[in-house]
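Residue numbers (my numbering), protein chains in the order written: chain F, 1 to 313; chain R, 1001 to 1313; chain E, 2001 to 2313; chain P, 3001 to 3313; chain Y, 4001 to 4313.
Derived from the structure by calculation, the hints contain no laboratory data. Hints are not guaranteed to be accurate.
What the hints assert, rightly or not - Taking lysine-lysine and the DSSO-like style, the derived pairs with C-alpha atoms no more than 30 Å apart in a straight line are:
| no. | chain 1 | residue 1 | chain 2 | residue 2 |
| --- | --- | --- | --- | --- |
| 1 | P | K3150 | Y | K4096 |
| 2 | P | K3096 | P | K3106 |
| 3 | Y | K4005 | P | K3018 |
What the hints assert, rightly or not - With the Cβ distance kept under 10 Å, some of the chain P side facing chain E (calculated, not the full set):
| no. | residue |
| --- | --- |
| 4 | M3001 |
| 5 | L3228 |
| 6 | M3267 |
Beta carbons are placed, not taken as given, at the ideal position from N, Cα and C, and that holds for glycine.
One-letter residues, chain by chain:
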Amino acid sequence: MVVEKTIKFRRLIPIIWKRMLKMALLSAIIVVPIVYFDLRQFTITMQAPLILGTAISIFLGFRTNSAYDRWFQGRALWGDIGGCTRNTALLCSRNKEAYTNYKTGKESKLAAIVMPRMIKRSIALMWIFNKQLKDLPPLEYEGLDNLLEKEEKESLAHSVNPSLQLLFNQGRDFRIANSEGQFVDGEHFEFVAIQREMALLMTRCNGLKNTRFPTHYTYFTDLFVWLLVALLSMSLPGEESAGYWSIPIAVLIGWIFSMIEGIGNFMDHPWTNNRNVVPMDFLTRSHEIEIRSFAFGDTDLPPAFEPVDGALY
Amino acid sequence: MVVEKTIKFRRLIPIIWKRMLKMALLSAIIVVPIVYFDLRQFTITMQAPLILGTAISIFLGFRTNSAYDRWFQGRALWGDIGGCTRNTALLCSRNKEAYTNYKTGKESKLAAIVMPRMIKRSIALMWIFNKQLKDLPPLEYEGLDNLLEKEEKESLAHSVNPSLQLLFNQGRDFRIANSEGQFVDGEHFEFVAIQREMALLMTRCNGLKNTRFPTHYTYFTDLFVWLLVALLSMSLPGEESAGYWSIPIAVLIGWIFSMIEGIGNFMDHPWTNNRNVVPMDFLTRSHEIEIRSFAFGDTDLPPAFEPVDGALY
Amino acid sequence: MVVEKTIKFRRLIPIIWKRMLKMALLSAIIVVPIVYFDLRQFTITMQAPLILGTAISIFLGFRTNSAYDRWFQGRALWGDIGGCTRNTALLCSRNKEAYTNYKTGKESKLAAIVMPRMIKRSIALMWIFNKQLKDLPPLEYEGLDNLLEKEEKESLAHSVNPSLQLLFNQGRDFRIANSEGQFVDGEHFEFVAIQREMALLMTRCNGLKNTRFPTHYTYFTDLFVWLLVALLSMSLPGEESAGYWSIPIAVLIGWIFSMIEGIGNFMDHPWTNNRNVVPMDFLTRSHEIEIRSFAFGDTDLPPAFEPVDGALY
Amino acid sequence: MVVEKTIKFRRLIPIIWKRMLKMALLSAIIVVPIVYFDLRQFTITMQAPLILGTAISIFLGFRTNSAYDRWFQGRALWGDIGGCTRNTALLCSRNKEAYTNYKTGKESKLAAIVMPRMIKRSIALMWIFNKQLKDLPPLEYEGLDNLLEKEEKESLAHSVNPSLQLLFNQGRDFRIANSEGQFVDGEHFEFVAIQREMALLMTRCNGLKNTRFPTHYTYFTDLFVWLLVALLSMSLPGEESAGYWSIPIAVLIGWIFSMIEGIGNFMDHPWTNNRNVVPMDFLTRSHEIEIRSFAFGDTDLPPAFEPVDGALY
Amino acid sequence: MVVEKTIKFRRLIPIIWKRMLKMALLSAIIVVPIVYFDLRQFTITMQAPLILGTAISIFLGFRTNSAYDRWFQGRALWGDIGGCTRNTALLCSRNKEAYTNYKTGKESKLAAIVMPRMIKRSIALMWIFNKQLKDLPPLEYEGLDNLLEKEEKESLAHSVNPSLQLLFNQGRDFRIANSEGQFVDGEHFEFVAIQREMALLMTRCNGLKNTRFPTHYTYFTDLFVWLLVALLSMSLPGEESAGYWSIPIAVLIGWIFSMIEGIGNFMDHPWTNNRNVVPMDFLTRSHEIEIRSFAFGDTDLPPAFEPVDGALY
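If we strip away everything but chain F, and leave its shape as in the complex, we get (with noise of 0.2 Å):
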């Protein structure tokens, strides 16, 4: 997530300067004979370019306003995840409590193990999840040893899915720490609402990785904006005043509309791994040291993420 103020222009005109070229060789071809051998008979009123201008504009807005839901519907989904987690470790937490089992009203060894585990297995989720939706290698978090058992860590490795791995041994454990007495009714069903939630959660967050905008609104966006510039081009020499002078404002409507564009374009994949991206590190990060802090008492907690050239990741 661009967390800076300031857009820096070195970083875009690498991007654009292409694109503001070829927009100025079509704008120029149009522009130069009409202005140099006075065709003005071929030139068009401003009627066209404006309609087009208008269609092009609600168009866009169409597309910002899209691109914007989709991400922030990430950045969303990505907090309910939090969320999840949180409530796995309201629910698994004993506050400097024993792991009484609440039928027999003694303390359980069993829970003891299985239910920090299963906090610690739903932090790792996430960092693996972040990997997975990021298109990185999976195990890559260096501190996924303090969160996973070894075993458990290295099945993974050769897993179609490890994150939905993980949520079918948070069932497992389930089980056991409920034969153990863990859950009191309630907690009992909303630690299988959280499982359920993560399923549709995860489920959700893979569907805005695979969906993208459809390709016919990108694509012939783009092409109505190169169609404005030839438009203009055609229409702004016509009268007297503007020459030569056409070319530039043609290229800077032309720029405009491709910003805009382009911006939507990058906005809509929150998973991807560039300055973009939803702060899946950071706010994974701020869980495990706030549920390492409540739910263990640790206290040799990892950073907080700072952000890195003016993005947070």
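With the hints as your guide, set chains R, E, P and Y onto chain F.
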């Protein structure tokens, strides 16, 4: 779902050339007499086409928005159906554990038959509902034999709604598995909730299928685009410069609005078996692979679907 | 719901000719003196109609959006009522199984009467509520005799709200079926949830029926369209070219905006018994067919409803 | 809620004539010197008013949308409060059955007192909350004596929030009814859910009441409309034709935008006791009639409310 | 939250005069040479500024919408947190009744300590979370001593997240109260649901706080407004009439768009401790007053907060 990043014009031209030709004819019928006989008194100023252009732009903005929403609603509904299937697998699978009756503590042979059957049936249900939504033969998918018992599959052949029939059958097996003590309380509610959710999701998918975008909107949007071409043809030759040149400009504007409208029409039907369909085959297969891998440890899994000619089905 | 793909003008003309004539008169009253007596000093420039045109376009965009949302909300509410009915059938039907009391393990004769009655009553409720929303006699549907016991049907004749009465009756039968041990815990909650959901959905349907789109918006939108026709009539003859020709152009623009507004008015009322109604008959019949087939194995099912004259009811 | 289909101008004129007069003055101050002294060099071209007109149109589109959403949210909240009341009646009424304690199988005399009291109290709560939202004396409704026991009603007179007090009282009666074995498990949860839902809905209604549409938006929208009138007055006389004629045109445009803004302001406050209020009296009375009819078999029911002077309260 | 109905310009001018001056300079740099040296060949026609004006209007419409949504989402989140607190009070308070253990039928002394503590803690949580969201010292609120036990308050001083710590503490007290038989089944689930809801709501509030509106949108919107001022300065002097007069007009249009953008920036941050903040102090205090009155019968209640200098905090 179209996944290629450009639209091939060779695909577009067969669809649109007739309409373009008609628009050119309409424009010519108006422009040629005006220019040839110099009937400038019958031209109009730019207000009417500008106002109409703005109105159509906003109308198409609404139309595009709705079409996009319908498509993504379809995508989201199918995603949630997948989530329900995942959840069924989470509830009914045992991760290398026995199917223990939690009331008696003994292993249940009947549950070991019924519960894997339920998982497989939920995948079969996705395949069959997928085909029903596309108006294909419901039992067409060749992999059904691995997912449904022969007898059950045959009984579907004469059903008025095979996927809904399977939902009823899930209910019957649930009652068996429950009486075998397979669901600790919470999971038990959860299965009932999945049944409810599936009934609702399937009703909504059908709702999207049989409730088209209102005819009034599509019909009049189309009509207004033709009127705009006519008004432009009356207006463009009114100024000194443009003469016959007005015809291609009017057609170009008409084409642009027709394209925006056409994409909307195309997006409107997320279940139609064309290049734009929600990639139900791909998604169902993904769930099939993951669930068979995690719930049964299967290793001879069918391959994931790949895009065909730039579209994922 | 209109299902034909074109709108027949013969249907439109009786509705709109008066308004068109009035607009032509208004326009003529302004244009004729200006052109005939050459009163160009009373014409205005194009700013005022352009600004008003943009404002009306955006206002109508909002209006169209709201109308469409209302219609689809109506459609969705009815879809969810259907989903609740499906769910009632899933809960209360036994798939060729006996109605076993899960507490005693014995078959319950009373449940075998009550629970099918509940399924049928839920379908009857849809039919009766359907008629109530359309302001038709609630007990009009001829198939009610198959769905309700004679005595219960008669008691509805004097009810202040027959469909709500049936919901209360469902509650009574639920208490009987429950005391006969027909609902394992989860399903039991589920039925209570269906009752709650139905109470809410029915309240919302009524809310949509008795809360019209605000009069202020419809009234002033209409007024602004007339003002636009007037302003256009003052503005169009101001330029050299268009003379009497201004009248049909102003009327055309007026007609277009009136059409957009008119469609919105038409879409606004999803329960009105006209061509645009949510196809409640069709949907209720579909549920009746499927549920009777799956829950009771009935084979002499009533036929599905077909569109009449291009509209589905 | 306004239910008549036309707006009477005699209602409007007292509200708007001052503003119109001020706009005419503003316009005249600019137009008269320009025309009288022929100061055309101080006129401006049409770009500035067109751009501003478009900007205001879009801004007012947003404003209209928000106002409409707020009003309908208010309507929906009240509808859902009605749904909760219906649900309370469904849960607590017995349809000509006795109030049997499901644990002992005996009739409970205490429940036969407490549970009808709960139903009546839920209707009383709607009446009192209705008055509180309208800033009227909370206990004003004359029918309260039929709905609340005298002692309870009197205790409300000194309460900081009488409707919330009743919600707490419902909780107390619920605990009594529950200990009398009146709620089979599911219904029991349901009542707790109703309490939660009511707490939330009432918080949201208050939120809508005490969070106005942001002052910044209303204030600047208004200012921009005045600026548009000024810019139009500078721009309209610049062309040859319109002279003093510019004044009414500028005022007309100003009036149109003021009307759109004014309707928004009017719609913004769904609980204000004016012609535009959510028809809470009407809806509460409807629920009172239906519930008293179904739950108690009452026949001497109060009449439904009718519109007064074209508005339903 | 600003509650006064007008905006004082003396507040605005210090914020905007620099920007206005820069815009005037930019405009003058372009306009003066054109007018002074009569360089009309470098002016442009009105198409470019009109198209850009429309594009910016739509872009700002989107921006305004998003900012408003964010603010109201913040308001709604805080409203729901208040709803959860109300619910905690409904569940844990006894209305002049004893804290009876429903399993033993005896009064529980422990519960009479723990459960009022839970109610007070939930109010304390609101105060502390309120301060955390505003980046103020979390324990600043002087009334905390009435709401938290001394020991608990001190333990928060070193917590990484004091409000989340309190949520964990609620869980511990819940387990005590539950083991004392204070929650009949349904209420018991309800409390678990409140914990879940609070975890989610707090995550979402933080999400709103640390996810700003994308920099790309704010940065480029700003840039486009400057470009519009430049284009207007090139375009306005091109016509005969306006000369130096073009400068204030261009600046006026620039100011209007800057204001719309600026309000959006201001609304974007519902938790920032300025005049625009969600009135968390006011709302928390209201809940404190009501809950202390109803749950404990307290009468020496703190006063409600009043607006300060036209804003409610």
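Starting from the hint list further up, note which numbers the structure goes against and sort them upward.
Per hint list: zero violations.
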